[in-house]
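Student: Residue-level listing of the chains:
Protein chains: 4
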Amino acid sequence: MSGNSFGKLFKISTWGESHGAGIGVVLEGCPAGLPITEEEIQIELDRRKTGQSKVTTSRKESDKVRILSGVFKGKTTGTPIGLWVENQDADSSKYELIKDLYRPGHADFTYQMKYGFRDYRGGGRSSARETAGRVAAGAIAKKLLAKHKIRIVAYSKQIGPHIAKTIDYDEIENNIVRCPDKTIAEKMVNHILKARKQGDSVGGVVEVVAMGVPPGLGEPVFDRLDADLSKAMMSLPAVKGVEFGTGFSAATMKGSQHNDAFEMEGKRVRTRTNHAGGILGGISTGEDIVLRFVVKPTSSILKEQDTVTKQGKPATIRVEGRHDPCVSPRAVPIAEAMMALTLVDHLMRNKVSQAKNI
Amino acid sequence: MSGNSFGKLFKISTWGESHGAGIGVVLEGCPAGLPITEEEIQIELDRRKTGQSKVTTSRKESDKVRILSGVFKGKTTGTPIGLWVENQDADSSKYELIKDLYRPGHADFTYQMKYGFRDYRGGGRSSARETAGRVAAGAIAKKLLAKHKIRIVAYSKQIGPHIAKTIDYDEIENNIVRCPDKTIAEKMVNHILKARKQGDSVGGVVEVVAMGVPPGLGEPVFDRLDADLSKAMMSLPAVKGVEFGTGFSAATMKGSQHNDAFEMEGKRVRTRTNHAGGILGGISTGEDIVLRFVVKPTSSILKEQDTVTKQGKPATIRVEGRHDPCVSPRAVPIAEAMMALTLVDHLMRNKVSQAKNI
Amino acid sequence: MSGNSFGKLFKISTWGESHGAGIGVVLEGCPAGLPITEEEIQIELDRRKTGQSKVTTSRKESDKVRILSGVFKGKTTGTPIGLWVENQDADSSKYELIKDLYRPGHADFTYQMKYGFRDYRGGGRSSARETAGRVAAGAIAKKLLAKHKIRIVAYSKQIGPHIAKTIDYDEIENNIVRCPDKTIAEKMVNHILKARKQGDSVGGVVEVVAMGVPPGLGEPVFDRLDADLSKAMMSLPAVKGVEFGTGFSAATMKGSQHNDAFEMEGKRVRTRTNHAGGILGGISTGEDIVLRFVVKPTSSILKEQDTVTKQGKPATIRVEGRHDPCVSPRAVPIAEAMMALTLVDHLMRNKVSQAKNI
Amino acid sequence: MSGNSFGKLFKISTWGESHGAGIGVVLEGCPAGLPITEEEIQIELDRRKTGQSKVTTSRKESDKVRILSGVFKGKTTGTPIGLWVENQDADSSKYELIKDLYRPGHADFTYQMKYGFRDYRGGGRSSARETAGRVAAGAIAKKLLAKHKIRIVAYSKQIGPHIAKTIDYDEIENNIVRCPDKTIAEKMVNHILKARKQGDSVGGVVEVVAMGVPPGLGEPVFDRLDADLSKAMMSLPAVKGVEFGTGFSAATMKGSQHNDAFEMEGKRVRTRTNHAGGILGGISTGEDIVLRFVVKPTSSILKEQDTVTKQGKPATIRVEGRHDPCVSPRAVPIAEAMMALTLVDHLMRNKVSQAKNI
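Order-wise, the sequence lines are chains D, W, C and X.
Mapped onto the numbering used here, the consecutive letters of the first sequence carry residue numbers 1302 to 1659.
Mapped onto the numbering used here, the consecutive letters of the second sequence carry residue numbers 1302 to 1659.
Mapped onto the numbering used here, the consecutive letters of the third sequence carry residue numbers 1302 to 1659.
Mapped onto the numbering used here, the consecutive letters of the fourth sequence carry residue numbers 1302 to 1659.
Any given hint might turn out to be false.
Stated by the list, open to error - When the alpha-carbon atoms are kept at most 30 angstroms apart in a straight line, the in silico DSSO-like pairs for lysine-lysine are as follows:
(1) K1361/W / K1444/W
(2) K1365/D / K1498/X
(3) K1483/X / K1555/C
(4) K1483/X / K1568/W
(5) K1374/X / K1395/X
(6) K1555/C / K1611/W
(7) K1355/W / K1568/W
If you are wondering where the hints come from, they were derived from the structure by calculation, not from laboratory data.
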């Protein structure tokens, strides 16, 4: 209710702040009997962590996860799983200097308005560091999806003006921007580094694909699969839009172009094209689920900007510190986690859609 | 939980199908003492109803609303408000012919997969007719927002290749496509009519603006105002994407361009630009909330399409019947309703964000 | 959230007032493919309706139910089921006389305090008439339980000082107080009639038993089966307490007496006794679930009582009108409905408790 | 949804097991700006902790609480508050011996049935140790209630056959059974010690009183204040029944006896008596809220009992270990916590009951 939980049957609640003791997540509703280890969770956290390359922040967090509850003898018990990632490199000294300044593009002003009081150290709760909890829980969701041979892949589709033309999944983790197109990846890296040198930042588009999702997931009319996925992605910091399949280009299409014809593939109903992005009427069709979201350029920039103080005085600000010059590369594992969490929740919810299964 | 409710404190549950007895909605959590009449609700329903013009379906529904509970002597009592719109022109005969055919672009196949059984008459529950309930409840939400001088305006921003260039709110209801640009409106109408003559349909983009929203609405980190609004819009039939402020064009912007500088306007903190679309960190800034969503071209078209039968046989289909050739014009009041419902819910949720108010 | 819904996966939302247009209920989450007819629902409503005998109110309501949505060709579609019972004999004239008087034992004062405005006709929303919606939805729940051979029986265990000594399920519907002990039933009837003659009312205890419930239902640590059942029963008008198995008498027992020894019955684990009432640690054991709740004597009595007016003036009141002199007999089908609704919800929730089922 | 959360606006989620790493709780929805310290929380935890006296278990847990998030510079920030109590004296060796035995009265069998796999160390998640999280969060709820001058008192009303006759709040913490009647307290202590000497345990009744609660709390028709409080108390281990005001004795009362007459006290509406226990129609009246719940005798006893093994073989068991011979004394602070959590949630929910406040 207070907004810190996501999911209905498979539900996470995250807690913790950027420069507090650490980041925690409680995963409720994970069914019993699933084997899971800290090592498996760590793999996903390592993909998200800071200091990976020259296009990410230099803050050094080992992001070591501890399973604090809900797992016994290597298997989930059906009770809440508490996961904990301690903050280590939480240097909050520089935030003292700007504690009364509202950083443009950040949530400083809005948190102050909403709560009347805020943790100004590194954005506090509004920091992207909170997503460590999502990624940790998402690793468990991925484990469940693997049982169903459901696979999720995300990647940088666009950074600045550079758009991936070829999609080679094997290439994604080979470059530091996580782009599936090797040639474009290089251009993306240069684009980021050039902006950073100017004390600036850049935006991008991440594409997320889920393969092997069975038809039938989604709970109309409000908890449509695409509605819940939109909320999942829009709940990530810096995301300003989301689209499915042909997305916004559907505005210029005709029905005869956009409609995906049905055809049989053996005994399975398929669609010849997938303009719908794998979802019709809010329910999965069995085709790949394909979505994209846009991330705005990182708000923390070295360039001087106009702002005001908490006391209502005009001021200027240069946001020093260690920041990602582009959100996209590290958003990839986070987006995969959100996709995984949403799909597991809907898999579980769909268990009770037909009377013959009750 | 089953997906038919929206909102937390101010919550609607819709029920009913396209060709059943009618469309109902239960509004829970509406505070007591608000004056409301059937006439006020009817105004909004009339904006959504069928048969308004040559660019909408010719199905004739008077959409008369009845208040069945929760209002006494013209005022809400704080108990659930039941609203009911009876179906009248529900000719389901032609659906018998296609009851075993999956219409491309529609939810026939996915409902069959999910539930193993479906009401094939006019899309049943997946029909846009369900949104009558949302519009009815939205009228009550608008009444509450008016107390706060919050005003919502939506309009067709784009239909096919035609994009509104000037935004004149007074023009919107003057043309049948609800476009704020008179010149472009004519082009949009012609575009739709031409497609209809070809037995085809077209897509579009609707823009929704909320003015006068106070800063502080939104419940991070998952129930961010933009995340909830995205879900609200994506839960509408035919919507394939949503974006805020600069939206997808943020991908090619720099941080120094996208960040909205803060400045003082008397005692009020404003932003010089509004690239953020009125939301930072998932919380309203006090600037206009600006979002757009794309609607795909209507799935029901007269042109012959390939499909399969429920029994797995290839077939062709021409979807006869009375359908909107473009979703956008009638989506306008529906979008306003979803915006209003979301804002009231967040206004109420925000009441308890500070201890001094408890 | 606003308190008018019950259940998580199998959820009802009731709406409507005693002297408004009628009583409605929306049932969300009922799985698709369940055969259900208005006639089946009517059977349960007839057991609850007014004017059944000399120990119930003389208000005459036919309580005819209409299925307004969610059922197609005699089967549920998985979409929300709207049920509607129109009010007919809603004579609200006499309530005009007492609209400014707070009836002792009733919710007049508290509704006024909470909402600042209330529907004073017959208790409005606080009337037991609201339970018609629960009974209607409960009939569908019972249909689902029948598939599992789960059977629910409720009866008047005690009225005034008269306590049933023998429990003969076949006797329950043979007498107008729904007591399973024929001899005691007569005493109960006389006790009620005597009180009514004095312009007074009496209290009682209802016992509810569920047979055939599989082990494993209940969601610790808060949504324990007994916690949810307690809430279910306590949400009924006039209920002031609930207990399971040995209930309050456990206070004077020793652990060695109260503990139910485990033993094998073929391959099934049973308990030798059932002091626990079929629930351990909040989860069903597979033994009969046994609970009792107490109903206070009906608040509406002819005897003169002291009270105050809405304006704060002392006054006296005699509550005329048509009221049940004892709540118990008509509470029986309502209690069964609440038990059924709770069990179906937990059956569905339990579907996802083990990873091997996901 | 999975059952580990309580509350809607002011919501706790507990996690952790008896013999795992520790017990955690996440409190969501606590409004910002409330001063709170670890020391204040510790006071309540110390009242619940083990090893307090000769009538409690000898397990030694310091139950030191750490605030891990949501508090900055001594004040709540409005973000989730993570609290953590590490397990210290978690000797699980003796549980290895009985890991395949179902302890009578415990949740061993039902957890095994539900989840197919369980943490057998000290009851795992079903242990009363879980309530440490509730008490910690309850301390924060009490802090909020203090602002409203709402005070909660709980005490042992009955242990075995001994019932408190006088109610002296100042006496409660003076004796180790937390009984408000000094003379009866001694008898209770002797009763417990005698049973323990016999390797047995005893039951009891706890009474909980809330003073200063304003009229208007409670959300009919399902989330009535008494329904939610019943669920709160029934969600505690070993509780088998709950009643309000006159409770079960209402069964033998007449309406003319049970109804509480209204009268004026200055400008305030009062009831002359409080048979209703401070709640009418599910909404608080402004009088003291008075409830009682019964705790069964502790299930863990040294006496030999019949049981079966996980493999379905008959067996006998003597439950060694360190257990409370009576639940009541330590249930007192836990019950206060549940009352406090429920009241704060309803205070917050009630903020939006009238349109004039929105």
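Student: Take the hints in turn and mark each one as holding or not.
Tutor: Do the hints match the structure? See the list:
In summary, the hint linking K1361/W to K1444/W is supported, as the alpha carbons are separated by about 27 angstroms, within the 30 angstroms threshold. Pair hint K1365/D plus K1498/X does not hold up; C-alpha atoms about 49 angstroms apart against a cutoff of 30 angstroms. With a CA separation close to 23 angstroms, the supplied pair K1483/X and K1555/C stays within the 30 angstroms bound. Proximity of K1483/X to K1568/W is assessed by CA-CA distance (about 62 angstroms); at most 30 angstroms being required, the pair is judged violated.
Distance restraint check for K1374/X and K1395/X: the Cα-Cα separation of roughly 44 angstroms exceeds the 30 angstroms cut-off, and the hinted pair is therefore not satisfied. Of the supplied pair hints, the one linking K1555/C and K1611/W is violated, its CA atoms being roughly 64 angstroms apart against a limit of 30 angstroms. Straight-line distance between C-alpha atoms of K1355/W and K1568/W comes to about 50 angstroms, which puts the hinted pair past the 30 angstroms bound.
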